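A.B. asks: Heads up: the sequence lines are chains H and Z, in that order.
0 is the number of the first residue of the first sequence in numbering that gives the first Met the number 0; add one for each residue after it.
0 is the number of the first residue of the second sequence in numbering that gives the first Met the number 0; add one for each residue after it.
It is possible that part of the hints are untrue.
Using 25 Å as the maximum straight-line C-alpha spacing, the simulated DSS-like pairs for lysine-lysine come out as follows [what the hints assert, rightly or not]:
1. 300/H to 371/H
2. 334/Z to 171/H
3. 335/Z to 171/H
4. 350/Z to 406/Z
5. 171/H to 46/Z
6. 46/Z to 371/H
7. 334/Z to 406/Z
8. 171/H to 331/H
9. 350/Z to 335/Z
10. 300/H to 239/H
11. 334/Z to 350/Z
12. 312/Z to 406/Z
If we take Cβ atoms under 10 Å as the criterion, some of the chain Z residues that face chain H in the derived model are [unchecked claim]:
13. 4
14. 112
15. 416
Hints listed in this document are in silico derivations from the structure and should not be mistaken for laboratory results.
Owing to the predicted nature of the structure, the values given are computational and were not obtained by experimental measurement.
Glycine is no exception: its CB is placed at the ideal position from the N, C-alpha and C atoms.
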Amino acid sequence: MIDPRMLVEHGQAVGLPAPVWFIQFFKALGFTLHAVPMNLWYAGLLVALLLRWGQSDHGRLFGSRLLRQMPVIVALGVNLGVVPLLFIQLAYAMFFYPATILMAWFWIAIIALLIPAYYGVYAYAWGIRNGADRLPTWRTAAGWIAALFFIVIGFTFANGLSLMDHVGRWPKLWLAHQHAGAALGTALNVGDPTLWPRWLLMFGLALGTTAAWVVFDAEWFARRATDPSYRRWAWGFARKLYALSLIWTAAAGVWYVFGTWSSELRDTMFHGPLLPLTLATALAPGLGCTLLIAVGWMPAKRLATAAVLLGQFGVLGINAVSRQVVQNVNLKPYLDVLAQPTDVQWGPLVMFLVTFVIGLLVVAWMIAQVRKCDA
Amino acid sequence: MQYPWWYVPHLTAPMLIAVISVVHVLVSHYAVGGGLFLAVETAHAHKTGDRPYLDYLRGHARFFILLTVVFGAITGVGIWWTIGLTSPLATETLIRTFVFGWATEWVFFVVEIVSAFIFLYYWDRLPTRTHTIVGWIYAIAAYISLVLITGITAFMLNSGTWATRPGDDTFWMAFFNPQFLPQTVARTGGALLLSSLYVYLHASFFARDERLRNMIAARSARPALLGAILITAGGIAWYCQLPPSAAATLQSAAVLNLLTALIFALTIIVFFLIYVGPYRNPGWLSPGFAGSLCLFGIAAFSTGEFIRESIRKPFVVHNVVLGNQIAPTEVLTLKKSGFLQGGLWTRAFVKEHYPDVFSDRAIPPWHIVKMNPDTQRRDAAGPSPMAARNALAAGIQNERLLALPYKDRLKLGNVLFLHHCNDCHAADIGYSAVGPLLQGRPRDQVLARVERLDDNYFMPPWSGSHEEAILITDYLMTINPARPVGVRHFMKEQDQSREEDTE
Numbered sequence: 000m001i002d003p004r005m006l007v008e009h010g011q012a013v014g015l016p017a018p019v020w021f022i023q024f025f026k027a028l029g030f031t032l033h034a035v036p037m038n039l040w041y042a043g044l045l046v047a048l049l050l051r052w053g054q055s056d057h058g059r060l061f062g063s064r065l066l067r068q069m070p071v072i073v074a075l076g077v078n079l080g081v082v083p084l085l086f087i088q089l090a091y092a093m094f095f096y097p098a099t100i101l102m103a104w105f106w107i108a109i110i111a112l113l114i115p116a117y118y119g120v121y122a123y124a125w126g127i128r129n130g131a132d133r134l135p136t137w138r139t140a141a142g143w144i145a146a147l148f149f150i151v152i153g154f155t156f157a158n159g160l161s162l163m164d165h166v167g168r169w170p171k172l173w174l175a176h177q178h179a180g181a182a183l184g185t186a187l188n189v190g191d192p193t194l195w196p197r198w199l200l201m202f203g204l205a206l207g208t209t210a211a212w213v214v215f216d217a218e219w220f221a222r223r224a225t226d227p228s229y230r231r232w233a234w235g236f237a238r239k240l241y242a243l244s245l246i247w248t249a250a251a252g253v254w255y256v257f258g259t260w261s262s263e264l265r266d267t268m269f270h271g272p273l274l275p276l277t278l279a280t281a282l283a284p285g286l287g288c289t290l291l292i293a294v295g296w297m298p299a300k301r302l303a304t305a306a307v308l309l310g311q312f313g314v315l316g317i318n319a320v321s322r323q324v325v326q327n328v329n330l331k332p333y334l335d336v337l338a339q340p341t342d343v344q345w346g347p348l349v350m351f352l353v354t355f356v357i358g359l360l361v362v363a364w365m366i367a368q369v370r371k372c373d374a
Numbered sequence: 000m001q002y003p004w005w006y007v008p009h010l011t012a013p014m015l016i017a018v019i020s021v022v023h024v025l026v027s028h029y030a031v032g033g034g035l036f037l038a039v040e041t042a043h044a045h046k047t048g049d050r051p052y053l054d055y056l057r058g059h060a061r062f063f064i065l066l067t068v069v070f071g072a073i074t075g076v077g078i079w080w081t082i083g084l085t086s087p088l089a090t091e092t093l094i095r096t097f098v099f100g101w102a103t104e105w106v107f108f109v110v111e112i113v114s115a116f117i118f119l120y121y122w123d124r125l126p127t128r129t130h131t132i133v134g135w136i137y138a139i140a141a142y143i144s145l146v147l148i149t150g151i152t153a154f155m156l157n158s159g160t161w162a163t164r165p166g167d168d169t170f171w172m173a174f175f176n177p178q179f180l181p182q183t184v185a186r187t188g189g190a191l192l193l194s195s196l197y198v199y200l201h202a203s204f205f206a207r208d209e210r211l212r213n214m215i216a217a218r219s220a221r222p223a224l225l226g227a228i229l230i231t232a233g234g235i236a237w238y239c240q241l242p243p244s245a246a247a248t249l250q251s252a253a254v255l256n257l258l259t260a261l262i263f264a265l266t267i268i269v270f271f272l273i274y275v276g277p278y279r280n281p282g283w284l285s286p287g288f289a290g291s292l293c294l295f296g297i298a299a300f301s302t303g304e305f306i307r308e309s310i311r312k313p314f315v316v317h318n319v320v321l322g323n324q325i326a327p328t329e330v331l332t333l334k335k336s337g338f339l340q341g342g343l344w345t346r347a348f349v350k351e352h353y354p355d356v357f358s359d360r361a362i363p364p365w366h367i368v369k370m371n372p373d374t375q376r377r378d379a380a381g382p383s384p385m386a387a388r389n390a391l392a393a394g395i396q397n398e399r400l401l402a403l404p405y406k407d408r409l410k411l412g413n414v415l416f417l418h419h420c421n422d423c424h425a426a427d428i429g430y431s432a433v434g435p436l437l438q439g440r441p442r443d444q445v446l447a448r449v450e451r452l453d454d455n456y457f458m459p460p461w462s463g464s465h466e467e468a469i470l471i472t473d474y475l476m477t478i479n480p481a482r483p484v485g486v487r488h489f490m491k492e493q494d495q496s497r498e499e500d501t502e
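Here chain Z stands alone, though its shape is the one from the complex (with noise of 0.2 Å):
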């Protein structure tokens, strides 16, 4: 509640999180798989002395540097910068979380960054031994390097005791939490498995000889199967790790149990093409095979980490932040001070666009009167015996915000559905947007579910007060599109039968 938001619209700003996250982590997987395997086979060819094999590690040694020295690391940092801007709160919690372990996998990166380009520089000028020790050192610099960043991702799924047992929140808690070992295992199969994909489709093209691309194809074909074992192993283990909102979000949702079961088929498809492609017929390696083959790769992986992001609701980390940027332990003051009052960036536009609402300005108490919600008109009641004791307080005077016209209380629905609501939907069109999830409701079924947010359990709690519940739901009615023509044509005679009732 200390930082503005980002307004994206359409889209959401978390939502740039996901495009960068999802094309850095299809490259720095292959930065971890693709050293081991440029170690391994650098060191194989060397003891065997096979001159074009070498000649073609150098070459991918040097597609390699390419596209993880540039692409990968700049994306990596590229979450860095999208992470602090799109969610501040829980960018700076992890930050004071895991500080140290940033710090020390920024040591092994500087460690990947020489090693690579001596290893690829040096190539043919480096005694064979050294040059075989710098491959695996940068091998094993970037694969320590995972391991610090799943320890890190892992905490914001689950963060096992961390949050809730006095004492356990400290580091080595956070790190060792009961999602790192599942992802360590699932992570370290899919940087096995992607990068085979990527040599595969390298070598393909590259790899002219065809000696040469049926030895490249039979030789990763083993660690591509591993890898597919060991993403299914710590799939299931990180299915059994789940917390249980977590759990219920993945069976619940119909897109999610659709992806779940997608990346299955993904799996045993691209397992079985191993197989029977590089495994049982080497020969098979061709630019369409290995193109087909990565693709396939490469969805499974993306649906994957989709899957990863998506069932963390209503935590952006769990436990610790929720998905809109407030702390489980605000939400209750926020309830009582209300909203735009927690924030120091809503209460300061408040406070510059709406002063009378505030109890610096005097206004009597007995100013303020209720707002009929439904026609918009004051009511005869005059103020409340609660409105009258909350003018007298500092801040905000949540009574007073329904005293404003209503324009100004579209205006400040609008505030608080942005710093609310929009970390995960867009308003009428685009991402997960609230209008047409909205279309059709009635005012007082949208005033409940905005009061009763966390009935979903996948949602946030409502944090702010009676009054401001009011105000976003002014400001919803007026995204919320009417019920889709010809939908009830069935029910006509029993909602006319309503209508002449209500009325």
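Just chain H, same shape as in the assembly (with noise of 0.2 Å):
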């Protein structure tokens, strides 16, 4: 068999125009900014679903609100996606473009489906929106073929990332699908124990966050179109929903760290200056579930909503950290990423910068008008 050491490109002739430590922080806070709204299309859309589904009055005005407030979700986090996907191209590409290419038509196929699962939330949303509380069929049936079509966009994803990260399984699966040498892009990885336990531990994760936005909209969005009854039930959901969370991510972390991690990453990650990394990332979940309940006794229920979106936006971070540093440790023995050569464009990062801090200042003027509007 061939050895995939063969299969990594090692010298890149122009150096990374950033340094390794700016990609692998705009890379974990991307992909974190990008988490927050895709747990809630990922999880929440369909929580939201059979919430409208179920009897409960409140849950089914959640539901409302929620499928209401998709199509911007969807947008901003489509949008906050394209950083963590510049600096993984950017970085990793030698393991990327490979990974991607042997699954192409699966992955092509994450915009395939992402294009009518967007106009599916369009179509439900537009339709509580116009009042209905009965929505026609087609529109019913565009939100959960939207929720199916997310989450199996979130197994393409984990897919194609698990198989960036196993490099040891691309021969395997490149020789099988084939033709004189060249990819079908007809693979998938199903066959990595990481695959699954990696899902699971996302969709957990996504109903956390899913609870702590329950929360934060009572308070925030929904205070004066609902009574406390309402923020009473929001709170209590809340609980067991990322309760429920808890428990699956709990279980899918075991799996997946003691389950499928080989004995040199247990080693690395379990031992020396990466120890507090991956206790606080086992540990994160629980925090954010104790500070849900911890804090919903607090009479400034603004400030507590805000610090358990806050804490949510931390767990989902830590998370992201870790995977960055467990995927720098698996692909280590084909290339350290980290000790790739740098020539830093100095100019362009700073023009970039100061972008960035202008156009959350524009951001932040917008959403000032929007709250002035509001109150």
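Starting from the two chains in their separate frames, assemble the complex, guided by the hints.
C.D. replies: See the structure below:
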């Protein structure tokens, strides 16, 4: 069988245009920013549809609210996904491209599924916006199909990124799916034991993010349109949902770490300087759940829910950092990503940072206008 | 050469880029021009207190978001997806060069998304002035994103001295390439023109009030006419700044001559129709008229994009990456070491299936024999001195390739074809299929053509060894159909005498 090291390019003629730490930082930050809205359509859409299907008035109300917000959430999520996609192609090109080419038809199907899923979200959301309580069948079907497509998209992403991390699986998949040495693009990484827990782990985290959003929305956006009983329901439902998230995440996490990691990876992640990171990643969802329960009793509800959402951002952030570290460790036998040479483009880098700050200020100004208008 | 090749039968993988990018471009220009339209017209409607027009614009903004934020944005991501799968080396090179251009463009995307949603969802809720400012924020952000992406795509057509003059390989030299200004002017015009055509189409269906429809027709005519003028001016400058290879391709390919004439004809037709229609006679704006106008505009645009893509040959990124995913700097090395040896995945394929051609599998040089390419029989002359020397070197021994059985030579010929040629050519049936291109040519001509591929300046050079050229010729002869019957009936006697002479 082919030695997988044969398939990875080692030397690049041109250095990376940014410091490696900068790329790692923006890749992790970008993924975390993307993960918040992505979690809301990944698990939140399903939760919202189920709640609208159920008998609870409050549940139906939340389901409707989240579905109405969904077009904006999807737009932001897709947009924020550009950053990690850009930086992964910059520093991990030699792993990212081969992995996605091996499963090219499935990878490109993400786009083909995303367009109808997004329009499905609009069809459902604008149906609710028009005031109808019972939607026409086609709009209901569009919402459910969108939820299904988003889950399939998540599975495809998990496939691509787990394949990228496991170069050792490339030769077998390639040789089974090739024509005269050219990839047919029909390989899926379903034989990889890490795929399933990775996929489930993200779904578990997404349930937690949805729970955080339930209380945040109730206290920030739904306060005037609802009575206190709705907010009480929201806190209760969020606690239950986060508890489910916690159990789910713990089960998938234990499976992932103790069932699929190599002993070398476990040694690296459980010893030395990486041990605190591993422990923090494991404990973070528990802390998020504890925070949700603890701040529920605070009188300053808005502040409390902001803390919950920020805490969930931290949970996702620490998870993103850990994923990146595990990725680097997995890839190190083939190429030390962190040791790549650099040839920094300082001028364009400063241009980006300045634009980034100005862009944030402009967005903040617009949101301030909206807040003023809502008040 | 470090990435696997994705085989898409008949269509060829890069054609997927064409499919997605043309569709995306038709929406993305509207995302820019439509933003300007909404900003200018909403300000006007607020200023004049024209309630029916504001109501129409609100409906238009909803249509605009449904088309641009959903379809436009996702097909934009789709282009990234596709170029990474089909042109990984070019994509990697562009990202390494322009990462901060793209990152900056992303900031403007964020501003666009936020402002677009606030503009629509807070219609009639924001103070008039704030609403207008938000509309302008969208328009400016969208326009800057057009300028940024144009700098990158223009670089692909003409990289200037970036790759050829030492010290010029900087971000700024790449961004402000010779094609930057012409393409920015042309795309600005395109955004103005195309968005006006979409506005006409939308208004013809949804602006039921005749006064309103006539006003929209008249007010959008000036930017549309300006757009057509900018396209023409930008197009002329674009032509003047083409690299010599692209200019020669444009002049020499009959189909491109026709398409160039077509694009000028379509632009003139669109200009004329806008002038006599919306500009002089706004009342003409019916769904049929607006639909025809829109179709003409879309046809002109798609033709322009097709020409732009077609004339980059032999490069996919001018002077930086060849159309077949090889850096020009690699060519000489590949000619010496061999194409199969130079590619990570081709080398691995050969190692897996034909380990005997590797030097670490000891085959004594004297076992290597030359094959007669015509008879497929072993030559009696024995190994050449060059073969003996190569056999001792590391990696694939090119002389050994010729010692493989015929069916294996065909297989490797197919490997070479897919990795060297399939970027632009299908095999026997499909997009620019090589079989029909070679139809009826004798073997020696095919081999000569392979080895001197870049005699046609729009083709990349042959980037393999002589032995590999023989292998790919073996394969090409299997997909090369016989000369069509009856073509040379009037030369029959001459052909017969030539055959006799050969015998």
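A.B. asks: Work down the list of hints and note, for each, if the structure agrees.
C.D. replies: Each hint, compared with the structure:
1. 300/H to 371/H: The given pair, whose Cα atoms are some 20 Å apart, holds under the 25 Å limit.
2. 334/Z to 171/H: Status violated; Cα separation ~30 Å.
3. 335/Z to 171/H: Given that 25 Å is the threshold and the Cα spacing comes to 30 Å, the pair is violated.
4. 350/Z to 406/Z: Holds. Residue 350/Z to residue 406/Z sits at ~17 Å (cutoff 25 Å).
5. 171/H to 46/Z: Not satisfied, since the Cα-Cα distance of roughly 67 Å exceeds 25 Å.
6. 46/Z to 371/H: holds, 23 Å
7. 334/Z to 406/Z: Between residue 334/Z and residue 406/Z the Cα gap is close to 24 Å, so the pair holds against 25 Å.
8. 171/H to 331/H: Holds. Residue 171/H to residue 331/H sits at ~20 Å (cutoff 25 Å).
9. 350/Z to 335/Z: OK: residue 350/Z and residue 335/Z at ~19 Å, within 25 Å.
10. 300/H to 239/H: holds, 18 Å
11. 334/Z to 350/Z: The hint holds at about 19 Å.
12. 312/Z to 406/Z: Status violated; Cα separation ~33 Å.
13. 4: holds, 4 Å
14. 112: holds, 5 Å
15. 416: Status holds, d = 8 Å.
Violation of the numbered hints given earlier is confined to hints 2, 3, 5 and 12; the remaining hints are satisfied by the structure.
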